[in-house]
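Enquirer: The lines below spell out each chain.
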Amino acid sequence: MLSYAIRRILILIPTLLGVSIIVFLMLHLTPGDPAELLLGERATDEALHQIREHLGLNEPLYVQYGMFLKRLMKGDLGETIWTRQKVWVEVKQRFPATIELAVTALFIACLFGVTLGIISATRQYSIFDYVSMLGALTGVSMPIFWLGLVFMLIFSVNLGWLPLSARLSVDVDLQVITNIYTLDALLTRNWVALKDALWHLIMPAVTLSTIPMAIIARMTRSAMLEVLRQDYIKTAKAKGLSQFKVVFKHGLRNALIPVVTTIGLQFGVTLGGAILTESIFAWPGVGKWMYDAVTQRDYMVIQGGTLFIAALFILINLCVDILYAIINPRISVR
Amino acid sequence: MKHKPMVQFLLLCLILIFTIVAMPGSAISKTLVFGRGGDSVGLDPAYETDGNSFMVCDNIFEALVAYADESTALEPGLAKSWDISADGKTYTFHLQKGVKFHDGTPFNANAVVFSIGRMMKERNVKFSGKGWDIPAQERPPEYWVSMEMDDTIGSIEAVDDETVVFKLKRVEAPFLANMGMDFADIISPTAFLKNPKEFLRNPVGTGPFKFAQWIKDDRIVLEKNADYWDKSGGPYLDKLIFRSIPENSVRFLELKTGNIHICQFPNPADIELAKKDSNLILPTQPGMNVGYLSFNHTKEPWKSNVNLRKAIAHGINRKAIVDNIYQGMGQVAKNPIPPTMWGYNKSIPGYEYNVELAKEYMAKAGFPEGEGLGEITLWSMPVPRPYNPEGQKIGVAMAADLKKLGITARIVSYDWGTYLKRQREQPDDMDLFQLGWTGDNGDPDNFLAVLFDGLASSSVRTQYKSEAYHGFMLKGKQTVDQAKRTKIYEDALQLLFDECPVIPVAHSTVIWPAQKSVQNFKLHPTGSVRMKNVSLK
Chain A
1 MLSYAIRRIL ILIPTLLGVS IIVFLMLHLT PGDPAELLLG ERATDEALHQ
51 IREHLGLNEP LYVQYGMFLK RLMKGDLGET IWTRQKVWVE VKQRFPATIE
101 LAVTALFIAC LFGVTLGIIS ATRQYSIFDY VSMLGALTGV SMPIFWLGLV
151 FMLIFSVNLG WLPLSARLSV DVDLQVITNI YTLDALLTRN WVALKDALWH
201 LIMPAVTLST IPMAIIARMT RSAMLEVLRQ DYIKTAKAKG LSQFKVVFKH
251 GLRNALIPVV TTIGLQFGVT LGGAILTESI FAWPGVGKWM YDAVTQRDYM
301 VIQGGTLFIA ALFILINLCV DILYAIINPR ISVR
Chain B
1 MKHKPMVQFL LLCLILIFTI VAMPGSAISK TLVFGRGGDS VGLDPAYETD
51 GNSFMVCDNI FEALVAYADE STALEPGLAK SWDISADGKT YTFHLQKGVK
101 FHDGTPFNAN AVVFSIGRMM KERNVKFSGK GWDIPAQERP PEYWVSMEMD
151 DTIGSIEAVD DETVVFKLKR VEAPFLANMG MDFADIISPT AFLKNPKEFL
201 RNPVGTGPFK FAQWIKDDRI VLEKNADYWD KSGGPYLDKL IFRSIPENSV
251 RFLELKTGNI HICQFPNPAD IELAKKDSNL ILPTQPGMNV GYLSFNHTKE
301 PWKSNVNLRK AIAHGINRKA IVDNIYQGMG QVAKNPIPPT MWGYNKSIPG
351 YEYNVELAKE YMAKAGFPEG EGLGEITLWS MPVPRPYNPE GQKIGVAMAA
401 DLKKLGITAR IVSYDWGTYL KRQREQPDDM DLFQLGWTGD NGDPDNFLAV
451 LFDGLASSSV RTQYKSEAYH GFMLKGKQTV DQAKRTKIYE DALQLLFDEC
501 PVIPVAHSTV IWPAQKSVQN FKLHPTGSVR MKNVSLK
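Protein chains in written order, with the working numbering: chain A, 1 to 334; chain B, 1 to 537.
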């Protein structure tokens with residue numbers, strides 16, 4: 001398994017190189033100029049020329065790409081055009097926020113998605129099945145933007161239960177270690193900050209979880225239905241095992257392969273959905289940062305950020321593949 | 001209870017959520033939270049170009065001269081007074097005594113030489129006694145370059161600790177007003193030299209608030225400068241927090257629920273809600289800006305057919321645009337400078353909306369009922385700007401008005417960067433274009449020369465070229481006496497009205513709702529956010 005993992009990690013290099021070429025070409029072939037955006041209406045020819053010269057935008061494309069690769073070889077993703085900060089430093093500042101949000105959302109999605117899927121499958125064509133699957137359909141169809149605002153109106157404005165936006169209240173102090181606030185609060189045993197961070201996390205995480213939750217629920221239901229029809233389930237029942245054991249030990253474990261695949265893919269969807277969720281809930285993560293970079297044509301952020309996310313996505317897929325082997329010993333990774 | 005463990009787990013989750021929800025939050029005292037649409041880019045005033053950066057800098061740094069509370073009238077800042085030589089080319093600033101930077105180092109003439117000198121291409125500077133080596137620029141200081149300061153300032157010299165002399169290369173009447181702008185803020189040389197690359201994230205100035213913390217895309221925290229030199233007023237707040245809340249509607253909800261004190265740029269629809277809320281006040285300020293519609297002055301018929309230009313000016317219902325698209329947050333422009341600015345020509349009536357008159361001008365122009373003109377393009381802005389909330393909608397309204405004159409206008413738009421770039425090239429496929437301007441320093445030169453004097457520079461967006469107008473602009477720059485300059489600009493505005501090189505559409509009004517507890521918060525025409533004298537009741 002170790003050699004498989006190493007091989008997969010090595011494949012990262014050509015894949016990322018391909019990603020970098022595509023992103024670089026797409027960026028430079030689409031119209032728009034960071035120097036114009038930086039200076040806006042007041043740009044003079046002289047100021048534009050100086051900025052372009054400074055950013056290396058007057059060089060031919062292959063020279064610009066060469067410079068980017070050269071820096072990359074040294075492990076340097078470059079410096080952002082707007083904030084004049086190392087891209088890697090900006091990623092480090094924002095990524096924990098996105099991870100905290102995405103992982104929590106995925107956790108909620110898995111917890112409720114798998115549970116609903118199992119119950120629906122075991123009670124096929126019952127009222128519960130119809131209602132939960134209708135809920136799942138609604139969840140998939142609901143725009144995150146709209147749902148976020150509705151949640152805000154209900155839980156923050158009308159009921160006053162949850163804060164509207166941000167990661168932490170302005171009057172709560174927290175010693176930042178990992179930049180994952182809930183974890184930092186736990187590590188420093190700052191219970192006030194933990195409560196506040198969780199309090200802020202609930203609404204964006206639930207909003208972000210709706211689509212993956214719905215998809216996971218539907219996938220779990222169909223996978224479970226397939227498995228529950230198998231002969232070995234009948235055998236298990238005939239042996240007199242409890243319903244719980246039949247469903248969880250014999251059914252769920254065998255139905256998990258497609259579910260885990262779906263969950264792995266949903267992580268990517270969650271990162272994508274984070275762009276909108278982060279904007280609505282003023283959550284300072286990577287999604288909003290990348291979105292702003294696209295509108296501002298901050299080439300360095302887009303290139304560096306995309307490479308980072310692509311690498312992360314590939315690693316998650318690798319983890320999913322390794323999980324297959326753990327869940328189902330019949331599958332071996334070679 | 002076959003699913004007992006699962007049910008127990010779900011119950012536990014629910015109890016946890018409700019326990020968390022039920023715990024009360026704590027109160028904030030003397031901390032003002034300002035809600036805005038985006039984060040600052042950096043906090044080194046010499047290198048920033050965006051309002052979100054400047055509004056924080058406004059509270060950390062100060063310049064030699066300052067603008068009055070609600071106008072751009074010049075007042076002493078870090079310079080208590082100044083002398084101007086008879087030839088208008090030498091400015092001697094006498095500095096305030098006993099001022100310290102937030103890092104405890106003294107503010108003096110050398111700090112002024114360092115702060116301004118670091119932006120110069122050729123560092124023609126002289127320190128008093130031991131100065132510093134000014135490091136090479138990391139990148140061009142954009143504002144300095146755009147304002148052509150290298151063509152204005154010849155040398156800077158610290159004569160003694162409290163006196164700085166600026167020698168100019170040419171007479172430049174707006175020079176003093178320029179010295180009040182953010183890019184001319186004075187920074188602590190010691191703090192800068194510690195790590196020049198990181199100064200924009202660790203700013204040190206002399207202002208009423210000190211930089212404390214920056215969580216990217218979330219908040220910037222400033223703390224009260226207890227040793228602030230000017231004892232005549234604030235700072236009264238202990239902490240000032242700038243929070244980034246990108247969505248306008250969410251920002252307004254944060255205000256309604258009391259989590260922020262001031263809400264920048266709410267949706268126009270939310271202003272109505274704010275008016276009805278007894279807990280909110282509505283600080284208002286006519287913006288120092290203009291949104292305009294210009295002609296492509298590099299091509300015919302626009303370049304030389306004044307009747308055609310006037311036909312369009314009279315044919316567009318600008319009041320309807322202000323009422324419906326600015327949603328009342330603006331006023332129809334009569335001059336291309338806002339009425340709050342000196343030099344504004346009150347005798348100009350503005351272009352009256354009159355379709356019949358417009359048709360007459362069309363006939364005089366040689367295009368009766370639009371015949372012979374063909375389809376024209378109307379470039380409409382793709383992004384909201386302070387002077388133009390919705391370029392595309394305004395474009396559609398204008399095209400509908402033009403239809404009444406027999407003119408078929410096709411709306412054209414690009415992404416913002418491309419729009420700016422292509423507009424600068426004055427392409428043949430551009431007939432009419434929307435653009436605008438927000439003033440920097442309250443000097444009419446900053447509108448009239450920058451926007452319309454095409455003979456002065458190829459960077460002028462309208463490329464309107466008139467010898468008479470160019471003459472006014474040169475005279476305006478080279479006359480130091482403000483009364484005389486006022487007359488020059490009034491005459492220049494009359495010429496613009498008669499020649500109609502652009503149609504001034506509107507000046508927007510800025511309304512930022514705030515909690516009733518916020519005292520003495522005033523919006524500034526330049527858009528700067530100054531919290532020195534603001535307090536909480």
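Don't take every hint at face value.
To be verified - Derived DSS-like pairs: lysine-lysine, alpha-carbon spacing no greater than 27 Å straight-line:
#  : chain 1 : residue 1 : chain 2 : residue 2
1  : B       : K89       : B       : K475
2  : B       : K516      : B       : K89
3  : A       : K92       : B       : K97
4  : B       : K239      : A       : K195
5  : A       : K86       : B       : K97
6  : A       : K86       : B       : K403
7  : B       : K516      : B       : K80
8  : A       : K195      : B       : K197
9  : B       : K197      : A       : K86
10 : A       : K92       : B       : K197
11 : B       : K97       : B       : K130
12 : A       : K86       : B       : K80
13 : A       : K92       : B       : K216
14 : B       : K276      : B       : K516
15 : B       : K97       : A       : K195
16 : B       : K30       : A       : K74
17 : B       : K239      : A       : K74
What the hints contain is simulated information worked out from the structure, not anything from laboratory work.
Enquirer: The structure should be examined with respect to each hint, and the outcome stated for every one.
Expert: The hints, checked one at a time:
| no. | hint | in the structure |
| --- | --- | --- |
| 1 | B:K89 with B:K475 | 15 Å, holds |
| 2 | B:K516 with B:K89 | 48 Å, violated |
| 3 | A:K92 with B:K97 | 43 Å, violated |
| 4 | B:K239 with A:K195 | 23 Å, holds |
| 5 | A:K86 with B:K97 | 39 Å, violated |
| 6 | A:K86 with B:K403 | 52 Å, violated |
| 7 | B:K516 with B:K80 | 35 Å, violated |
| 8 | A:K195 with B:K197 | 37 Å, violated |
| 9 | B:K197 with A:K86 | 11 Å, holds |
| 10 | A:K92 with B:K197 | 19 Å, holds |
| 11 | B:K97 with B:K130 | 19 Å, holds |
| 12 | A:K86 with B:K80 | 40 Å, violated |
| 13 | A:K92 with B:K216 | 11 Å, holds |
| 14 | B:K276 with B:K516 | 13 Å, holds |
| 15 | B:K97 with A:K195 | 49 Å, violated |
| 16 | B:K30 with A:K74 | 48 Å, violated |
| 17 | B:K239 with A:K74 | 42 Å, violated |
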